[in-house]
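Participant: Now for the letters of each chain:
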Amino acid sequence: MSRLKTLVRNEAGVPPLAGGHALCQGCGVPIVVRTVLNTFTQPVVVVNATGCLEVATTRFPATAWNVPWLHVAFENAAAVASGVESAQRALRRRHALPAAEEVAVVVFAGDGGTYDIGLQALSGALERGHRLLFVCYDNEAYMNTGIQRSGATPFGAATTTSPNGEVSFGKAQQRKDMTAIAVAHHVPYAAQATASHWHDLSRKVERASAADGAAFLNVLTDCPVGWGHEPRRSLEVLNAAVDSLFWPLYEVVDGRYRLTYQPEQVLPIEDWLRPQKRFAHLLRPEHADVLDEIQRRVDADWEDLLRKCQGGDST
Amino acid sequence: MIETGLRLMTGGEAVAEAMRQIDPDVVPVYPITPQTPIIQGFAKFVADGRARAELVNVESEHSAMSAAVGAALAGARTMTATSSQGLALMAEVVYIAAAMRAPIVMALGNRALSGPINIHCDHSDSMLIRDSGVVQLFAENAQEAYDLTVIATRLAEHPDVLLPVLVCQDGFTITHSAEPVTLLDDEAVTEFVGGYSLPHPVLDTARPTTQGPFAMPDYYFELRRSQTEALEAALAVFGELSAEYEELSGRGYGPLEAYRLEGAERAIVALGSSAGTIKDVVDDLRTDDERVGLLKVVSFRPFPAEEVAALLAEVSSVIVLDRADSPGGAAPLHAELAAALYGRGNELTGHVYGLGGRDLHPEDVRRIFAGEAERYVGLRGEPCPV
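Residue numbers (my numbering), protein chains in the order written: chain A, 1 to 315; chain B, 1 to 386.
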């Protein structure tokens, strides 16, 4: 595929995130990082929120990064990136930057650093319209601290702070629709993608980076430890998320919705849940109602998304 | 109008003028009383094309400081301002800014921390971040707030320092009170502050750096120690820059100001605007042949302990005035003096005054010198209504 050649060419033998880091076997995060960064043809600066990616790639005095990388704290990556972008704007105006080429500002944050503790700073940055790309690697819980539930954790999932038990079926609340929250900021570009559909992800990065303003990418990314699947099955699990319609792939360009992938055959929600230990309890007979509720929600959200894509009103 | 070089302006206005003259690249701002006149004044300069900064209207002080760190480390001269709860919200990032050696100049309009919520001056906000590793300079009046802001730019960016510098001015007493202030010419400030250059800017994509990494027990301690050394180095650098600034402006500064300490038997040690009131009382008492003086602390962090001890060597009774309490322990300035004077034979007493904007009157200062004041100066005796 030509896109693969492009990614290889852009990498030019120097991976932005080199091997030897301490991310887990089967972790989707480095796939996302490399796909995103290799899509850029211009120089990039990476701003990273506290989390797995930061901890596993920068243990002082070593670093896995071959591009400029900046980490300040957990909740403020979008604000830090706003500062970097503003600095570039100011220095360009004064002709105080050596390179003529614009440096792309790319943020990587987990779902905690996006949906929860990072939401305020992200909202501010999106509203102000800084030219930056905010990439959420959404693995649906606080994995770095040991699999605690977040605002991105799906209904029914067991985590260490929303365990299933005698009187609990796991997380009792629905996840936030973070992509819709980003869209509500009237950003020029927002999209959902996933680590397994790298071609789709790369195209979205390309469109996002061409947008004049803040762009948001919500990328479903597996965590073998937190999800409880075999590391070698990462991409299969993510494919099931997409093909079951749990995680539709779409983009929103200047407010207009467009599906970027239509599953040939829609899988039942069990195919997404079954390989993951965090959902194992839901497949037991006593939780049939929870399973039905998940399927109902997925179907309703899909219908809603299709209406948006057809330009109709959402429910 | 007779041209005297003096202009009537508040401390807030004076610092906004200093910012215009320094002409920073990026200024992330978020409003909070009593700092707001500074950012409003500066925003108008930007709107009128008299300053070129990117004004970033962030959604909280936490983001103001975060954007400031990003901008400063990217390679831009960066300034911001805050007060009280704003500094409390920033506190997490203030520590990190110091650790990442981000040379940010911040105007602080000192205001009491909640609760109860209050908008007036005390120094509890400064003391909250006492151990963050930033430089804290205290102004006595609007002129000093202006001068220290200009000096702070060089101090923050000095290669031996590279730390945030806070220029603290008492909320309302300085920020909102009009006084005669002499400004330098714009060109003089431009020349004094010079250009901004950072050894390793993040935006230098040809030489990529990893900034803000994860440090475990094998390196954290060394990194913290090197940061402390930078703060300690700021004392001498502040002295050098102040001497250079004095040649330019005729106004001398230093980490400390000794006021009529010659032959003094009793001396008050204090921070901020109260020094003005104390100087007046010292002058009155000296007229009556009372041997009293004042030691004003300009640089609270780094604290010039050796110089303090030397200046107070012949003063038998040292009285420390703290505008912040440390519940359950020694008040912050008192603790510094106790450490600096330990084993030197001075008698040391301390008072807490002025919390939440309560005024310190000349009569209070006379009672303090006379040894007649309570530990909490100006505190009403009767219980609060509930």
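For the record, the hints were derived by calculation from the structure and aren't laboratory data.
Bear in mind the structure is a predicted one, so any value in this text is a computation, not a measurement.
Cβ coordinates follow ideal geometry from the N, Cα and C atoms, glycine included.
You may find that some hints are simply not true.
[Claimed, not checked] Here are the simulated distance ranges between beta carbons:
no. : chain 1 : residue 1 : chain 2 : residue 2 : range
1   : B       : R225      : A       : E102      : 34 to 42 Å
2   : A       : G13       : B       : R225      : 36 to 44 Å
3   : A       : R256      : B       : R225      : 34 to 42 Å
4   : B       : S226      : A       : P98       : 46 to 54 Å
5   : A       : G165      : B       : V46       : 44 to 52 Å
6   : B       : G115      : A       : Q174      : 49 to 57 Å
7   : B       : E247      : A       : P98       : 28 to 36 Å
8   : B       : Q40       : A       : H199      : 32 to 40 Å
9   : B       : E244      : A       : R256      : 31 to 39 Å
10  : B       : S226      : A       : D301      : 46 to 54 Å
11  : B       : P31       : A       : G255      : 44 to 52 Å
[Said to hold, decoys possible] Facing chain A, from chain B, some residues (calculated, C-beta under 8 Å):
no. : residue
12  : G212
13  : D284
14  : T287
Participant: Of the hints given before, which are not true for this structure?
Facilitator: 3, 4, 5, 6, 8, 9, 11, 13, 14
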